[in-house]
Amino acid sequence: MTGRARTTARGRARRREQEEQEAPGVPRAPESAAVSEPAQWQRTPRSLRGEGPVVRPRQPRGAEVAAQSRGVKEPGLEAGLKTLSLQERIGGVFQDLVVNTRRDMMHVKNSKTGSEGEAVQLITNHFRVISHPQRVAFKYNVDYKPDVEAGNLRQILLNQHIRKFGECHIFDGNSLLLPQPLREQKVEWVSITEDKKIVKIVVEFSKELKPTSPDCLRFYNILFRKTLKELNLKQIGRHYYTEKIPLTLERRGTRLEIWRGYVTSILQYENGITLCADVNHKLLRIETVHDFISKIQARAYPGNAQQEVANKLIGSIVLTKYNNRTYRVDGIDWNQNPDDTFNKSDGTKITYIDYYKQQHKEIITVMQQPLLISQGRWKKGQTDTQREPILLIPQLCYMTGLTDEIRKDYTSMKHLAEKTKLSPEKRHNSLKGFMKTQALLRLWDFKLDSNLLSLQGRVLSNANIFQGRRMVQANASGEWAREVREIPLLCPVPLHSWLLLYSRHCRTQAMNLAEHLQHVTAPMGITMSPASMIEVDGHPDSYTNTLRKYTRSALQMVRIPCFLVFKVICVLPNDDKNRYDHIKKYLCTTFPIPSQCVVKRTIEKVQARTIITKIAQQMNCKMGGALWKVETNVQRTMFIGIDCFHDIVRRQESIAGFVASTNAELTKWYSQCVIQATGEELVNELQTCLKAALDVWCENESSMPRSIIVYRDGVGDGQLQALLDREAKPMWTYLQTISPNNFALAFIVVKKRINTRFFLKRGNYFENPRPGTVIDVELTRNEWYDFFIVSQSVSEGTVTPTHYNVIYDTIGLRPDTVQRLTYCLCHMYYNLPGTIRVPAPCHYAHKLAYLVGQSIRQKPNRSLSTLLFYL
Amino acid sequence: MEENKLQCSSVVDGNFEEVPRETVIQFKPPLYRQRYQFVKNLVEQHEPKKVADLGCGDTSLLRLLKVNPCIELLVGVDINEDKLRWRGDTLAPFMGDFLKPRDLNLTITLYHGSVVERDSRLLGFDLITCIELIEHLDSGDLARFPEVVFGYLSPSMIVISTPNSEFNPLFPSVTLRDSDHKFEWTRMEFQTWALYVANRYDYSVEFTGVGEPPAGAENVGYCTQIGIFRKNGGKAMESCVSEQHDQHVYKATMGLTMLPRLVLNFHPQAVLLPNPPKMLRLQVFTTSYPSLQQERFFKLVLVNEVSQQVESLRVSHLPRQKKQDGEWGDKPKDSKAPGPCFGPVFTEIEKAKIENSPKPFCVGDKFFVPLQRLLAYPKLNRLCANEEMMRSVIADSIPLSSDGSAVVADLRDYFDEQF
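Residue numbers (my numbering), protein chains in the order written: chain C, 728 to 1598; chain W, 42 to 460.
By construction, these hints were calculated from the structure, which means they are not laboratory data. Keep in mind the model is a prediction, meaning the values are calculated, not measured. C-beta: ideal position from N, C-alpha, C; glycine also. Wrong hints could be hidden among the right ones.
What the hints assert, rightly or not - Some but not every residue of chain W turned toward chain C, in silico, with C-beta under 8 Å:
(1) Asp99
(2) Phe135
(3) Met136
(4) Ser161
(5) Asp219
(6) Gln349
(7) Glu352
(8) Ser357
So here's chain C without its partners, still in its complex pose (with noise of 0.2 Å):
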């Protein structure tokens, strides 16, 4: 349900936003008018937003309007891709079809397939195209005078003159696509719009299509989204839901009802086309910004009001009813309400309380709301151009997305994974029937199979584990915690002189907690001394403050490199963000010290004990120990992890994580982080890392890596090409001028939302696969050296598979290889004793950005690198 898992679904690059409503989760253009509006046709884009009540908003004041100041721009890393794409009118996922990394790496010319594990059967929850069509399709440009925004308008006009080129077309908003030629190369038609004004439409051929083309498919997902209509499923937005009674989740006062539908892809694959199809859920939240604000407002300090109602305001997303919009609240404006009065585009002045009872016939009763700011969005290509803000009503928005409250309770969010986490039965069921009307396919020649799809893959064993002088193996849901109980650490390092700081109320947990360390170190090979313990009060700024105190004395006493002989551990009453906040970015900045932040809760339960030997095994990595390392038999070879964070209040900048490891064993690494504002490259700034990482790993090792692989996450579709040219490129280059022909580079592109799933069949019953399980056949894509791993195992619903793209490889990695490698490396991330989603580099960079986004805001000291201090 997120922006992400949605833009691999979707099926169409449109340069015109079409007016159907998208889900909540994406905002959308600013056109508050629109809807009511007869027949919108508009010469510029601008003209569009006429008629909303956009004003200017006064000087700017106080946090809540900060973060609007500064959204102006497109985050960095995302930015500086993207403008490669919009080179290309076929945009997103259909755009990395096009990409051929696997025709410059010679070593998978002939075959891509690995031949280790053993073979097991596997269902997808992909239709197989059984016949599409096999002659060419002819694509004609259609442009519009005057141009017509609206992509509705636009096909109501061309429709005008259907009979000229038949009921069988597929059009997009700016091309047609045709199963036969039209008489001319190009045509003039005259439409005639609602209220009789003249448009002339231009019909020019554009291109031969090959079934095949990526482009094609794009008109195909379109043909299929018409089919979906008839499927007798509601739509809302781009999805398909069924009306049937949802789910209801209530928390303290606010309900949520979670609606079933479905995703669909049409998208071409190594052994032809296939139709993806999953499940997805979306949510129905009853509560208006004002009965949120008001809420918030009854329990916060009186004074701290309106700090915290815009702490928890801006950056969400809002849906108005009257025209079915979502924006960004980026501000609230505080010194207007709805009585106030903006200047409509004729000049007229105009209450917001009469503009909504006459445009929108909603009748706002509360006159003591303050505004809520909204930066529309650009149009694409415009990027450059101020945007206008526009001010929206609280009581007549509604909030998207899960509470705080259901978010931190454990009951609901339980009932709700329970409910939208299927299980790969009951997901294998509900997809089973989908493919029954096909009359509009029919039309295109295009047949699709009704059974899912089966293929076959292959179960990897586990790798070698060591701990202590013990070698396990992870046990069939690719966990070892058990095993591993009570023997010593890999690599354990002392903790002497360290604080652990704990509010009145929490003094009982901490004194629990001391004591609890003390006894679950000493088998783990840990040797710590007593705490020195510190009471705080439990005010929100107490833990710096008397962090700050100490230190500064420390400060005096200590020389610098002994820092990281001491830590911190805090107890914290509750997980106030603000708290944590400041403890973590004084502790990675000002002050670097590893640190541990504990909640009471955590540690009142029953299990403490296991929780406390969690708690000791994340401090001994954090101060550089090593609890396990696996055995990956190769030699000199370097792991990357590179993951993004793109902060949603403060948009201007994103964040990437670069994670190395710089010992053989796999057991040390080094970790930096990036902050890239607009339009940087980031990798000016990898080399810088690299370099770094580079020689941290001389220190530890007698030689130099012979090889480096790379695992890049956080791309979003479309990117592909992007990546190649200005990442993986560039970073061989920079390889070269260190050494030339020393080092060889492989670098992969990790996916992990994406909608395919896979379902082992077992007698009449599906489960998932079992971690270690290898796909590369049949969806992988020929043009790729791609396959899908299953790394982790799931408690609860359908395990999603991770997607591995070697765009880049001069080190001549085998198949076979790079999946063993791969999942060996899913085994070494030290907060799980089993295996994960995707390979640790990648989550501890995930981590690192994620840590630095959200909590320090600035990059961490550099004393700090060599540590995994953001576990």
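Place chain W on chain C using the hints.
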């Protein structure tokens, strides 16, 4: 926006580029919007329940009208099926319509077909609009039009708009405003026709228009002339309605047997009827909106409203608790006056009503809100008339006290500690 639009809209017919812009008459807002606004105002004034738009085109008018809370059935008819089919989707309910359901049911249906065919499904309407329709009818259809619309359908009110040809000389090089227009009438011609029709079918008619003529040419009258026809004797007569009712059911079911494509509203018994008569109109689209009349959505809204109210009362019970506990020790620098307080604003009468209702109370760590108290709040009172009704609707969604007279909630909550 208008400026931009007008540059295009200025041209009524003929070649777009060659027209010198200065001489062109411009309407602000554009004429088509003025026409729609006219109908919209009429709807607001008369609050019809069933409205049909004949010749609905791209359904713009329907989209404009669907927000009116009074309308329960909205029908569009047009001869151009593609337009209807494509536009249908935009009439489907939005996400927001589920978040805040309407008070009354609303069904929107689009039919493809000629407006001069008798169709029982359009009987008994309160308002039928024919905006810029009649000038598209050829002489045969025009002759049948009054008989079908006035005589057969016989709604309480009919609005007919058509171009005023006296205005045309003000446009450059125009004979007819649209190539599909079969005729354009002067005021005299239209009024003669209208009066004749009104007289014949016992309607009274009143003439007006939109699109004021420019200064100096006032004598030509409105650019679009409009006739508002009202049925004499108020609403459609009872006898008529019941008599026609049978026919309505009959034909609707007939139609369905003919049309395998019709997915919705399919009555199985229709199949049993022998030899169905010829179908006149195809239903190309229909949608129904969530409303408080539907149990499912009524419950959703009521339960949600009750939960919110209980939560709000619970929270207002808390600060006092906090002080007693003294959890926060020294308070932060909040000497500043508290900001304006948000929340619903009540009138004096409402306040008194709330004050006089039974108060929420605590027993142990449980918090009770009497249903009577909840009913005192205007928002809930509007939804729900009595305690019994409220209890029966919310009982399986919200925990109630053992005697069922109050809602129960936990007073303290882990999440409260954050504040």
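Right, here's what the structure says about each hint:
For the restraint placing W:Asp99 at the interface with chain C, the shortest Cβ-Cβ distance is roughly 5 Å, inside the 8 Å limit, so the hint holds. The interface hint given for W:Phe135 holds, since its Cβ lies 4 Å from the closest Cβ of chain C, which is under the 8 Å cut-off. Hint status for W:Met136: holds, given a least beta-carbon distance of 5 Å to chain C, under 8 Å. A distance limit of 8 Å between C-beta atoms decides the matter here; for W:Ser161 the minimum to chain C is near 26 Å, and the interface restraint is violated.
Checking W:Asp219 against chain C by beta carbon gives a least distance of about 6 Å; that is within 8 Å, so the hint holds. Because the smallest distance between the Cβ of W:Gln349 and any Cβ of chain C comes to about 5 Å, under 8 Å, the interface hint for this residue holds. Below 8 Å, beta-carbon pairs count as interface contacts, and W:Glu352 has one with chain C at about 3 Å; its hint therefore holds. At its closest, the beta carbon of W:Ser357 sits 6 Å from a beta carbon of chain C; the interface hint therefore holds under the 8 Å criterion.
Checked against the numbered hints given earlier, the structure breaks only hint 4 and satisfies all the rest.
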